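J.: Model the full structure from these sequences, guided by the hints.
Number of protein chains: 2
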Amino acid sequence: MRILLTNDDGIFAEGLCALYDALCQDHEVFVVAPEAERSAVGHAITLSDPLRVKRVKRGNVFFGYAVNGTPADCVKIAIHELIGPEIDLVLSGINRGANVGINVLYSGTVSAATEGVILGYPGLAISLDEYKEPDYCFAAYFASILVDFLAQNFLKNPKICLNVNIPFLPANKIKGIKFVRQSTAPLIERFERRVDPHGNVYYWQCGERFTEQDPDTDVVALKRGYITITPLQHNLSDPELLSKIASWQIEF
Amino acid sequence: MRILLTNDDGIFAEGLCALYDALCQDHEVFVVAPEAERSAVGHAITLSDPLRVKRVKRGNVFFGYAVNGTPADCVKIAIHELIGPEIDLVLSGINRGANVGINVLYSGTVSAATEGVILGYPGLAISLDEYKEPDYCFAAYFASILVDFLAQNFLKNPKICLNVNIPFLPANKIKGIKFVRQSTAPLIERFERRVDPHGNVYYWQCGERFTEQDPDTDVVALKRGYITITPLQHNLSDPELLSKIASWQIEF
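Chains as they are written, first to last, in full-length UniProt numbering: chain A, 1 to 252; chain B, 1 to 252.
Treat the hints with caution; some may be incorrect.
Identical copies carry no separate label here, and so any pair may be met within one copy or between two of them.
[As the list claims (entries may be wrong)] Derived EDC-like pairs: lysine to aspartate or glutamate, alpha-carbon spacing no greater than 16 Å straight-line:
1) 173 / 86
2) 54 / 196
3) 223 / 212
4) 175 / 251
5) 159 / 240
6) 223 / 208
7) 156 / 86
8) 57 / 189
The hints are simulated quantities; they were obtained by calculation from the structure and are not laboratory data. Please read all numbers here as calculations on a predicted model, not as lab measurements.
T.: Put into structure tokens, the structure is as follows:
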């Protein structure tokens, strides 16, 4: 397959390289990724500033293109300018840290996969549930298994977008795969107020914690040791509410 | 009502001020908005940098808080730190330019309203379909009508999130209100390649055009002269695909 590989941790991130190495034997892998970390950028795109592209080597060998934009920018410019439209899969990751629950909305990793689907390609986002000391060995192995499975079973569906999260456990402790919905339960979050050495107040956004309890959600299944696979869509309309409000009479 | 007002064009944007003026007689309006334009940032939030907050005056009177973050950041910090949880509505706009179709995903304006709903408040995003020479007079008037309608009819539903787009037409040319779904048809987009005076290549992302034809979508209804109202949700799971793939056997 011809795979476009991107992420939101930047082109030099360990997770992206691990995924590249796991796939490059069997597939043609094209790397177009942010030049530096662009986490939590959601589905941001860059319209007010120009995009610049640099060719990046790994050792002495050409590795891919680094873009001064967001993950969604990378997918767009890859397909429209750098690689061309002959792509079979848009793959994003491996992200350092899980992308489950409400955080899916904030995730640059997931948005790159969604952008793939918007442009007509299957999208796949892979994240590892460990931020501090990640080891991508098993996650990259599983990703390659999944890519091969999809290639044989499902990749003729350009509308498929899968968000995959992998627990950070030894392979024999992983309980299996669960196909689950995205949790929409709120996070417990807080801002930490500090004062800088010049006497000015600033805030760190932090302290999030999930409140979800339903075992059939990505949040809980991942926490319990399952690999979670959540199919995503990007139609934000609420059809139920739409039929409810269609009778409103608003005079103006 | 107690209304939290934000936007993605920045606290000094004309559209936000017009909305403030249209509402401040009848409601308590709290302004917390980006210190400068943060368009197309989608649902980005700021985790790697601290947030700073400035008190902003209009004339000699306190007007609101300017934040060096995204629209979603503004909503979070407003409710968690600056204004407190006693809010009846999160209102975002009036945006300079429409937010319909796939662009809803990229919109900071819409994300602020969605963030309101995530935090448990009704959300309302208002955009005017004119970028070059907007006049917010009618849009602000209509927004105030809609806010009053919602206050009396619907605002006890904290899960409601409405994306409202207003055509840039004289009031008597507006054909009415349509309750429509978000278009998910692809955009035609392109990158313009240029060379800077130092010989370096850069790209402008531009040239988008809608391909949607269905009159029951936000894109087409707006173009035809209707005010469009689209109820939004933030559950990205695809339930249909979920039930299809639940039987997959992936060996690893």
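J.: Work down the list of hints and note, for each, if the structure agrees.
T.: Hint check results:
Taking the shortest Cα distances, residue 173 and residue 86 never come within 16 Å of each other, neither inside one copy (39 Å) nor across copies (45 Å). Taking the shortest Cα distances, residue 54 and residue 196 sit within 16 Å of each other only across copies (15 Å), while inside one copy they are farther apart (36 Å). Only within a single protomer do residue 223 and residue 212 lie at most 16 Å apart by alpha-carbon distance; the minimum there is 11 Å, versus 41 Å between protomers. With identical chains, the CA atoms of residue 175 and residue 251 are at most 16 Å apart between copies only, with a shortest distance of 12 Å across copies and 57 Å within one.
Taking the shortest Cα distances, residue 159 and residue 240 sit within 16 Å of each other only across copies (12 Å), while inside one copy they are farther apart (23 Å). For the homomeric pair residue 223 and residue 208, the shortest alpha-carbon distance inside one copy (15 Å) is at most 16 Å, but the shortest distance between copies (41 Å) is not. In this homomeric assembly, residue 156 and residue 86 come within 16 Å of each other (Cα to Cα) only inside a single copy, at 13 Å, whereas the closest approach across copies is 50 Å. Neither within a single protomer nor between protomers do residue 57 and residue 189 lie at most 16 Å apart by alpha-carbon distance, with minima of 40 Å and 29 Å respectively.
Violated hints for the displayed structure, listed by number in ascending order: 1, 8.
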